[in-house]
Amino acid sequence: MTQLFRKDFGFLFRLGVLGVFATAMVAVFLWRAVMAYPAGVNEPLEQPVPFSHKHHVTDEGIDCRYCHSSVETSAFAGMPPLSTCMTCHSQLFTDQPALAPLISAFQSDVSLRWQRVHDLPDFVYFNHSIHIAKGVGCASCHGQVDQMPLTWRVAPLTMQWCLDCHRSPEQYLRPRDQVFNLRWQAKDQRALGAQLLLTYHIDKRRLTECSVCHR
Amino acid sequence: MPSVNPAGAFDPEAARARLAEARGPIFWRSLEELIDSEGFHRWLSEHHPRLAETFDIDRRGFLKFLGASVALAGLSGCGRPPQRQIVPYVHAPVGQVDGLPRFFASTLIREGYAQGVLVESRMGRPTKIEGNPQHPASLGATDIFAQAAVLQLWDPDRSQGVLYRGDAASWDDFAAALAESNARFDRDGGAGLRLLTGAITSPTLSAQLDALLRKYPQAHWHVHQAAGNDNAASGTKLAFGMPLSTRLNLNRAQVIVALDADFLSDPAAGVRYARDFVGRRSPESASATMNRLYVVESTPSLTGAAADHRLPLESGQIEHFTLQLAKRLGLAVDVRDGVLQQTQWLDALAADLQGNRGVSLIVVGATQPPWMHALGHALNFALGNVGVTIDYSEPVEKLPGDNGTLTDLTTAMGAGLVDTLLVLDANPAYDAPVDLQFAAALKQVPHLLHLGLYCDETGAMAEWHLPLAHQLEAWSDARAYDGSVSISQPLIAPLYEGRSTHEVLAALLGDEVSEGHALVRRQWQQQLPDDAAWDTALQTGVIADTALAVRTVALRADALVHTAPNAAEMNPLELLFRPDPTIGDGRWANNGWLQELPKPLTQLTWDNAVLISPLLAAQHQLVNGDLIELRVGQRTLQVPVWLMPGQAPRSLTLHLGYGRRRAGHVGDGQGFDAYALRSASALWTAPDVQLRKTGQRYELAGTQQHFNMEGRDLLRVGTLADYRHDPHFATASDRYPGTPPSLYPEYPPGEYAWGMSIDLNACIGCKACTIACQAENNIPVVGKDQVRRGREMHWIRVDRYYEGQAENPRIHAQPVPCMMCEHAPCELVCPVDATVHDSEGLNVQVYNRCVGTRFCSNNCPYKVRRFNFLQYVDDSIETLKAQRNPEVTVRRRGVMEKCTYCIQRIETAHIEADKASSRIQDGEVLTACQAVCPTQAIRFGDIADARSEVAQAKASPRNYVMLSELNTRPRTSYLARLRNPNPALPDI
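Just so you know, the sequences run in chain order A and B.
In terms of our numbering, the first sequence is numbered consecutively and its last residue is 270.
In terms of our numbering, the second sequence is numbered consecutively and its last residue is 1116.
A couple of the hints might just be wrong.
[Said to hold, decoys possible] Okay, derived cross-link-like pairs now, DSS-like style, lysine-lysine, Cα gap no bigger than 27 Å in a straight line:
1) Lys-259(A) with Lys-1043(B)
2) Lys-526(B) with Lys-365(B)
3) Lys-343(B) with Lys-455(B)
4) Lys-365(B) with Lys-455(B)
5) Lys-242(A) with Lys-365(B)
6) Lys-912(B) with Lys-821(B)
Read the hints as simulated data drawn from the structure, not as lab findings.
What you are looking at is a predicted structure, and each value in this text was computed from that prediction instead of being measured.
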């Protein structure tokens, strides 16, 4: 009776399996590279005006809500209308070349097009105001914006990342009066978080339900 | 494709036999189902297995497709997310919080009459219409047309610029041309100038017309409304010597008789009338006893479906019926005996009316001749109803002077008397009676000016076509059915170059004020002198104390002298013309939502058909979809047949509004042009029509068989007597009463337990819920071909059931949204957990997880899930994107979707309550279907809170759930329908 398999079949089989595995790996890496956000984490984006949060927040001490005015009331934090910029820049640095696009946009009534740094898929309904009300600080998601000369993303904004906090928000909660303080650090986050969960009536069971973010 | 004859011709004997052997009520949705033939089941399984048809393919081809699918499958997922931009305002609008909707009170005008609405504006885009609770014609609800108005605004087919003989021009060109003709009018007093408009109630427009006719005394103004209510005005003239407006107080009426009158679909006040009518039908309310509605009509209407007793009679027979009734009530009328067999009906009806003097009401429909209206007024006087259930006031509409009809205009045009014709928002080239030869006469007019939303049939013939600003883009005002004035304020600057009628008339007048806001403001300068009063009027949506006073009137002595009944002998066959239930007289033909909305009662979409009675169909061996030729005089029209249970045997009904030639991409070429048979002398009824079978077939897209529930006990109906005998009659037939035990685990209770109750006793089947849901939830339009395959996407459908004999069945409606089962069969079969339960009892659908296996849909016993078989959502037309609700995901191809109880509204309320650490109050979350419902049949809220409205509704003994034997424990439950038949009449 002839052999059913060749002698080197075992080797070829292993090679084949390895080949399939390698192809799959390459495919996964390729896919991840293609599907990645246009700008990665910690990569600043070029903007029409090189707006520096570092300068406005740290040097000038402007509150987040001066520009992002609907952050406490709406899903959208709000992008300031150019008239907000012009409250100062109609007087200050008007001759700086970097500000020229702003001035001309304001005068021509055709707005600037800022590149989005934080973007979520359209089936995700993130709401800023409820996070603020429940004691999630700006810095928890946006990082040390006060140290950014150009703005970049510090978080992957994946569902896994969202769920990390939605499963155990006590890791990140802070008192409401410290939400806009970008430098605040808890002394004992575990104890504080547990206490704030109660104070702010946060129902952890509901936070991981699909309908909270998807509709 | 050769069409399949559904079940052979309708056999009345078979139907009777089936009903005779039945025990208990039998509900049926189509005649094929009623006779329950073998052919029907075969046809049903062939046509609606909820599967796409399979196509022939050999093994080799199959493998090729398989390989290609696998290879290409990955590609569709490739592509990185786009780098998107944020474009901030230069100057932020005052009072706007980015991302939050704002609501503005405004007015939508339907056939001249005001409907008060609240328009939702999202970042400056009008996206959804709600009713204005403070407006008398709305009380918070709207009809289907108000809901669809927002799609009309964003319709890319709207006229976008001025056209001069079909070529692009500008408003400046038009102004130059107008200056020339104005100089001529100044010299000759406007001789040769004619205006044509639809019905007008707007005080601003009335004042402008008066000013124009003063300035140019030789000019003439004509009114043309294809489906207007001229007969009613002429009727009051006959009865009282002057035209008056009639106002029904249905909330005070105990016995109502509708003579060919569909008051629940009244263009001016249908929404309000529905609320008032249903308000007196609740058996639970202690204050009022349940009213009783008798309807005598030739073709089934919403009002007929709501009737306790319905009598199908040919249009001419209704006249005899009314005369007989008048005689029995003691009026001096000339009656021919022996014409009618319905003596038992007449006696019982007369007795019931006599017994309810002062709280009864006779309503005569717009399609009946003026003398019938006069007779109706006389009857109401005789019964002491005037001042109680019916009121009169000065006419709400502005009425043209003598010679103000379309016929007069045509005569003048034929005589060469018309030099300049300005058509304001009307389309006579399409909807004029055919015998006027209006389009031919138009060609003799040297200067035809047309202001319209679309460059339609009339616009195409015009020298100057001017784009009209949409109602949501312009300032205006209008009166409601009771005369209350409300202001129409723009929600958005005109998308295109549109201008309002006021602005165009101001230009014609040479008014120094030219801009819409200033024109309307000037009109109300006296009543609303300061800005505060003006702002209040805008915010409430009604100008206070503008309702027209009720007038005391006296019946003229010769009111009934004009009575001239038709000859007693029957018309062989009569053809009735009626406005289409969803596209009206044709002006809504380019609206996809309205085209695809299954028409109440027929459940047809995208087409009209001639409605014939099953008996007539059996005589002529006709089945649904057979093409027949109708002949009226010398004119013929080929049109498909639709069998209409409850249709008077010798009446044929044809709906107006179809067969448009220049409606736009959506409406062009759909259906059949009924105007081709309509003559000026027989606007509503062509007395002698012949029909001939052509032997050809036409594919109609009806939805009455879709989502068939195989004859299960889904609808519970009883009489008031049944209810008094056993209030729990609705659940008496449940196989397992109460809540049986279940193998599935209970979910732990959440903070709220959302639930819905639908009162079938209040539902009139108007389908406003379906279209409100479509507007709120970004539900796509799929087109006629897809509807025929059973793929319409409506999340809440309204099933229509018949009960009893096909000649005159009872008609019921049942809205079916998602049942939100506590033990949901769909959840168990989803392989990817795309449909899951949440702690508040919602059965949520997660679109981004769905891979489209459709297992859930197959396992849903209620057939409420909808699948995107193709890419239905239009993702290329920019204006349509602007209409969509940003709070709801736009679903793509391959994704299952269904009713969510408007989860976006729940979440919004949830977030607001959570921010304040408070609870959502009862009534804070209104689903779209609940908010729009004219009769408040739908209630929604937290069923765990015993004080909530929905919990109280569910506590009613009439409460039942569909398919309780499956133990799915639906959160959506129904309240059984009740009828209040007269014991003196056989209850058929």
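Pairwise hint evaluation, Lys-821(B) against Lys-912(B), where the allowed Cα distance is 27 Å at most: holds, 25 Å
27 Å limit on alpha-carbon distance, applied to hinted pair Lys-365(B) and Lys-455(B): It holds: about 22 Å lies between the C-alpha atoms, which stays within 27 Å.
Hinted pair Lys-259(A) and Lys-1043(B), Cα distance within 27 Å: holds, 15 Å
Distance restraint between Lys-242(A) and Lys-365(B), which requires alpha-carbon spacing of 27 Å or less: Given that 27 Å is the threshold and the Cα spacing comes to 87 Å, the pair is violated.
Given pair status - Lys-455(B), Lys-343(B), alpha carbons within 27 Å: Given pair Lys-343(B), Lys-455(B) is violated - Cα atoms ~51 Å apart, limit 27 Å.
Holds or violated: Lys-526(B) to Lys-365(B), with C-alpha atoms at most 27 Å apart: Judged against 27 Å, a Cα distance of about 15 Å means the pair holds.
Violated hints for the displayed structure, listed by number in ascending order: 3 and 5.
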